[in-house]
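Between the sequences and the hints, there should be enough to build the whole structure, so can you do that?
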Amino acid sequence: MLEIIVSKYNYWIFVFLLIIGLYSMMTKNNLMKKLIGMNIFQWAIILYFISIGAKRGGSVPIIPGGHGHGVQKIVVHATGYVNPLPHVLMLTAIVVGVATTGIALAILVRIYNSYGTLEEDEIMKELGK
Amino acid sequence: MILEQFPAIIVVAPLILSFVVNFVGWRNKGFCFPFVIIALSVSLVSAIGILYAVIKHGTIYYHLGGWNPPWGIEYVIDHLNAYVALIVTVIAFVVAIYSKRSIEQEIPGDRIPQLYALLLLNVTGLLGITVTGDLFNLYVLLEIASFSAYALIAIGEKGALIASFRYIVMGTIGACFYLIGVGFVYIMTGSLNMTDVGQLLPDLYYSKAILMAFTFLTIGVVIKMALFPLHAWLPDAYTHAPSAVSALIAPTMTKVGCYVLIRIIFFVFKPHYSIEIMPLTTILGWLAIIAMIVGSIYAIAQHDLKRMLAYSTVAQIGYIVMGIALANKAGLTGALLHILNEAFTKGCLFLVAGAIMYKMGMRDIYQFRYLFEKMPLTMIAFVIAAFSMVGIPPTCGFFSKLYLLLGAIDARHWIFVATLLISVVLNVVYFFNVIRHAYFKPSEAYAHDGGRPEKIAVDEVPLSMLAPIWFTAIGILITGIFSGKIVSTVIQFAIPKCFLGGG
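Protein chains in written order, with the working numbering: chain U, 1 to 129; chain B, 1001 to 1503.
If you are wondering where the hints come from, they were derived from the structure by calculation, not from laboratory data. Where hints are given, some of them may not hold.
[What the hints assert, rightly or not] The following residues of chain B were derived to be distant from chain U, with all beta-carbon distances above 12 Å:
#1 I1187
#2 S1191
#3 E1373
#4 G1484
[To be verified] Chain B side only, calculated, beta carbon under 7 Å to chain U, not exhaustive:
#5 V1140
#6 L1161
#7 I1162
#8 G1183
[Unchecked claim] Below, a list of computed lysine-lysine pairs in the BS3-like style, where the Cα atoms sit at most 30 Å apart:
#9 K1100(B) x K1374(B)
#10 K1208(B) x K55(U)
#11 K1374(B) x K1158(B)
#12 K1100(B) x K1359(B)
#13 K1359(B) x K1029(B)
#14 K8(U) x K125(U)
#15 K1359(B) x K1374(B)
#16 K8(U) x K1208(B)
#17 K1158(B) x K28(U)
#18 K1029(B) x K1158(B)
#19 K1270(B) x K1056(B)
#20 K33(U) x K1158(B)
#21 K125(U) x K1158(B)
#22 K1485(B) x K1497(B)
#23 K1158(B) x K1359(B)
Cβ atoms here follow ideal geometry from the backbone N, Cα and C, with glycine treated the same way.
Listed below in structure tokens is the structure:
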């Protein structure tokens, strides 16, 4: 059991963070805490993607000698390099995450300005529901 | 040759012009609207061109930047994509024309350029989802569509902010689940291209990781399309958004979600997997039944017209998902035809709700007295749309429900048949409730506040709002009358091949 946890620790961290995020999104009454939970949730996925691309002892995926015309064929050992694709995907996902946070924060500011609170039950009371 | 670039233009035109609109809006608000119309006309022309090309020559493959798949991003457009893309562009175009007068009245003037820019971004995202052939690209475009929808909803009336925040939380969970699913698929297959993944997956069908990937992908999409019981964000968001925004996102966003669901469970994963190995269609079928009944019952209980329509959307998603879950030829034909029907009908109904807001300043069904005399043209369009929702021929709703019914009978799902018929009755209840209050009214009930006024002047909305309403209303009739033609030229090719032989 312990071996499974240790050998796949990146997945366990991912699951743990994911559940923390989901828990706070579902149970917290304060909208700001919900937003923080949402961020933890998103970053957990980003960490997971990055960890699957990483390799112990792997090098930067740049082929020495460059590319273009007149470059002689170089044998590429894929095992020596980290997988760049998940990392590149996560650049986009980070941008998406930042944009979500930005929109959510802007809306929270407006909620605070109109209701004077970020507690969900108080806002609901104000709205008469 | 410009025709070959249509798959890119359809997405790029609204994207670039959304920035232009934003900057032009700083100098002069009046210039925004023409730019929006230009962008959407370009998209509309491209969508028509694409559909024509697909019908004529078959599937289009477009490689962005000249990178070959599976490394580069590929846009793949077959009958299904072209069909959904055309629906989205038509609705977006119609709503854009309508929005000019509607939002001038509903939202503060300084926000109009932002609203137009976001509207174009939303269309960009939706069209991108329909044309892309890459799983990760789909995630990004899904988020573009969702972000602009969050912001568009937040512009609305009191209560819109909190509705929008809830939508953000739910929408992000949905998108993140989808992303986890994409990650699992990538680990197992090493590819993100839908066609490529579709070919690599069958060898891995009994892997647990693929099972998880499938589960995460479908749950993510189901949250985005608001299938019961994950629909909680939808009613508030659609109720409090500005009218034009509701009329844009209600017919398009959830339908594009349905498209993604079909794409994933029948094209990326093959029907063999979704039906037999992991009995997803069975689960979806039961959820759809509950959605149809519960959505309709909630709709009956509403006083607010837009809220009623929002719950009706939840029920209609049930119809589409039921067609998908039946997984036979008639069922899927019904589902795809219902996407078209829902887009026109919900579009028309939300446009009417906006028109009533524009003239009367309220949406309470119980105060709709004399509305038929005040706004006869608007209300006739409403009646046509209500007929389509209920399923009275020759509207499109009749034919889509007929196909669904045939599909359910084919599959020997008698409970589905019964639910369809019950939900039709429930639709009658809530739509005719509106018509009753607007048209027939017990005159003595209102005697205490002066009874019936002598003469009620006709007070219609301006032409730029009336024309879109009637365009969608006539669209409902035309798509109904020509539904046979639509099925034989487009829809039957959009269904996965394996369903065509058996039934």
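Comparing the hints with the structure gives:
{"no.": "1", "hint": "I1187", "verdict": "violated (6 Å)"}
{"no.": "2", "hint": "S1191", "verdict": "violated (10 Å)"}
{"no.": "3", "hint": "E1373", "verdict": "holds (33 Å)"}
{"no.": "4", "hint": "G1484", "verdict": "holds (43 Å)"}
{"no.": "5", "hint": "V1140", "verdict": "holds (6 Å)"}
{"no.": "6", "hint": "L1161", "verdict": "holds (5 Å)"}
{"no.": "7", "hint": "I1162", "verdict": "holds (6 Å)"}
{"no.": "8", "hint": "G1183", "verdict": "holds (6 Å)"}
{"no.": "9", "hint": "K1100(B) x K1374(B)", "verdict": "holds (22 Å)"}
{"no.": "10", "hint": "K1208(B) x K55(U)", "verdict": "holds (23 Å)"}
{"no.": "11", "hint": "K1374(B) x K1158(B)", "verdict": "holds (28 Å)"}
{"no.": "12", "hint": "K1100(B) x K1359(B)", "verdict": "holds (15 Å)"}
{"no.": "13", "hint": "K1359(B) x K1029(B)", "verdict": "holds (24 Å)"}
{"no.": "14", "hint": "K8(U) x K125(U)", "verdict": "violated (46 Å)"}
{"no.": "15", "hint": "K1359(B) x K1374(B)", "verdict": "holds (10 Å)"}
{"no.": "16", "hint": "K8(U) x K1208(B)", "verdict": "holds (16 Å)"}
{"no.": "17", "hint": "K1158(B) x K28(U)", "verdict": "holds (23 Å)"}
{"no.": "18", "hint": "K1029(B) x K1158(B)", "verdict": "holds (25 Å)"}
{"no.": "19", "hint": "K1270(B) x K1056(B)", "verdict": "holds (26 Å)"}
{"no.": "20", "hint": "K33(U) x K1158(B)", "verdict": "holds (23 Å)"}
{"no.": "21", "hint": "K125(U) x K1158(B)", "verdict": "holds (13 Å)"}
{"no.": "22", "hint": "K1485(B) x K1497(B)", "verdict": "holds (19 Å)"}
{"no.": "23", "hint": "K1158(B) x K1359(B)", "verdict": "holds (19 Å)"}
Hint check: violations occur at hints 1, 2 and 14; the rest are consistent with the structure.
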